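Just need the whole structure built from these sequences, with the hints factored in.
Residue numbers for the sequence shown follow the numbering used here, beginning at 1 and rising by one.
Hints may contain errors.
[As the list claims (entries may be wrong)] Below, a list of computed lysine-lysine pairs in the PhoX-like style, where the Cα atoms sit at most 20 Å apart:
hint, residue 1, residue 2
1, 110, 177
2, 114, 177
3, 82, 105
4, 114, 124
5, 58, 105
6, 231, 271
Because the hints were derived from the structure by calculation, they are not lab data. Remember, it's a predicted structure, so these values are computed and weren't measured experimentally.
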Amino acid sequence: MAFAAVVGFFLLIIGYRFYHKVYAPNVSYADDKEYLYVPTGTGYTGLVALLKDKKIIKNVEAFQWVAMQMNLPSHVHAGRYKLEPRMNNYDLVKLLRSGKQAPVKLVINKFRLKEDFAGYIGRKLEVDSATLLISLNDKSYLRSFGVTPETSMELFIPNTYEFFWNTSAAEFMERMKEEKERFWTEDRIRKAYALSLTPAQAITLASIVEEETNNNNEKRRIAGVYLNRIKRSMLLQADPTVKFALKDFAIKRVLNVHLAVSSPYNTYLHKGLPPGPICTPSVKTIDAVLNAEPHDYLYFCASADMPGTHVFAKTYADHLLNARKYQKFLSRRLGQV
1 MAFAAVVGFF
11 LLIIGYRFYH
21 KVYAPNVSYA
31 DDKEYLYVPT
41 GTGYTGLVAL
51 LKDKKIIKNV
61 EAFQWVAMQM
71 NLPSHVHAGR
81 YKLEPRMNNY
91 DLVKLLRSGK
101 QAPVKLVINK
111 FRLKEDFAGY
121 IGRKLEVDSA
131 TLLISLNDKS
141 YLRSFGVTPE
151 TSMELFIPNT
161 YEFFWNTSAA
171 EFMERMKEEK
181 ERFWTEDRIR
191 KAYALSLTPA
201 QAITLASIVE
211 EETNNNNEKR
221 RIAGVYLNRI
231 KRSMLLQADP
241 TVKFALKDFA
251 IKRVLNVHLA
261 VSSPYNTYLH
271 KGLPPGPICT
281 PSVKTIDAVL
291 NAEPHDYLYF
301 CASADMPGTH
311 VFAKTYADHL
321 LNARKYQKFL
331 SRRLGQV
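Given below as structure tokens:
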């Protein structure tokens, strides 16, 4: 009896130790440790080092014992993994072994510069921002996407997308090409050509409209102004294109010195649309261009009476009156700052 009791006691201890190694909570969960990021190319040794460095696990030895029993060394997958409070070794190893990632919600809004866009993607995904930026400027590489270095930003239709964190730059570009093709339905393409615009030109015009106003109610009318000017072979004279040419988006008042900037994006000097988009316009703005309001307006400027809106004119004389009124308003306003 005594011997059986001793054996039972030792079996109990062994069972407890086994249970503790496998099922006892071993993840140091916190808000800043909600996700574990395993870089591409990481092997088992690198994974253990990562867990130690990030202080993800409390008992490294216990984790490694379970990992070996479950053959994790042969099944390490890169990716972004969601950790849970009181997670045990068994669940953690099972998760890592499965490769079941938590996707990243990637929100693409308005971006003006490729450098800023590439940097943002590099912060959200494993994509190397420098590699992505090189891709966006590589003429031969972009040919397969139907764009040029000047128009490459038209690939990115603002929306919320889901990506796996370990997406490569090439995979990201392919996905964005697919999303662009999905966006450009037959109806949208038909509307663009009805306005004598290619889809690429529609995006470029929409980027100007996007920078002109935040007021969705005015976008169709503003698009109509620019289309009227294009039809009449008039200079677009769009202030946002000058700011883009200067790469100075803090300019509040475009002056004559700004208008002299030598750039193909300066629509005060060059007729027609600029070489490519000056930002990534929203879907609402793109659709506003495709459904541009038909009218006879050729000019518009910011309203002095209703901030956030514009006043429109059919003649240059009327436009000058509107512009002078706004300039006086702006001078008073800036003088108070």
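Here's how the hints hold up against the structure:
1. 110 x 177: Given pair residue 110, residue 177 holds - Cα atoms ~18 Å apart, limit 20 Å.
2. 114 x 177: 16 Å, holds
3. 82 x 105: Given that 20 Å is the threshold and the Cα spacing comes to 14 Å, the pair holds.
4. 114 x 124: 15 Å, holds
5. 58 x 105: 30 Å, violated
6. 231 x 271: Holds, because 11 Å separates the two Cα atoms, which is no more than 20 Å.
Hint 5 from the earlier list is the only one contradicted by this structure; the remaining hints agree with it.
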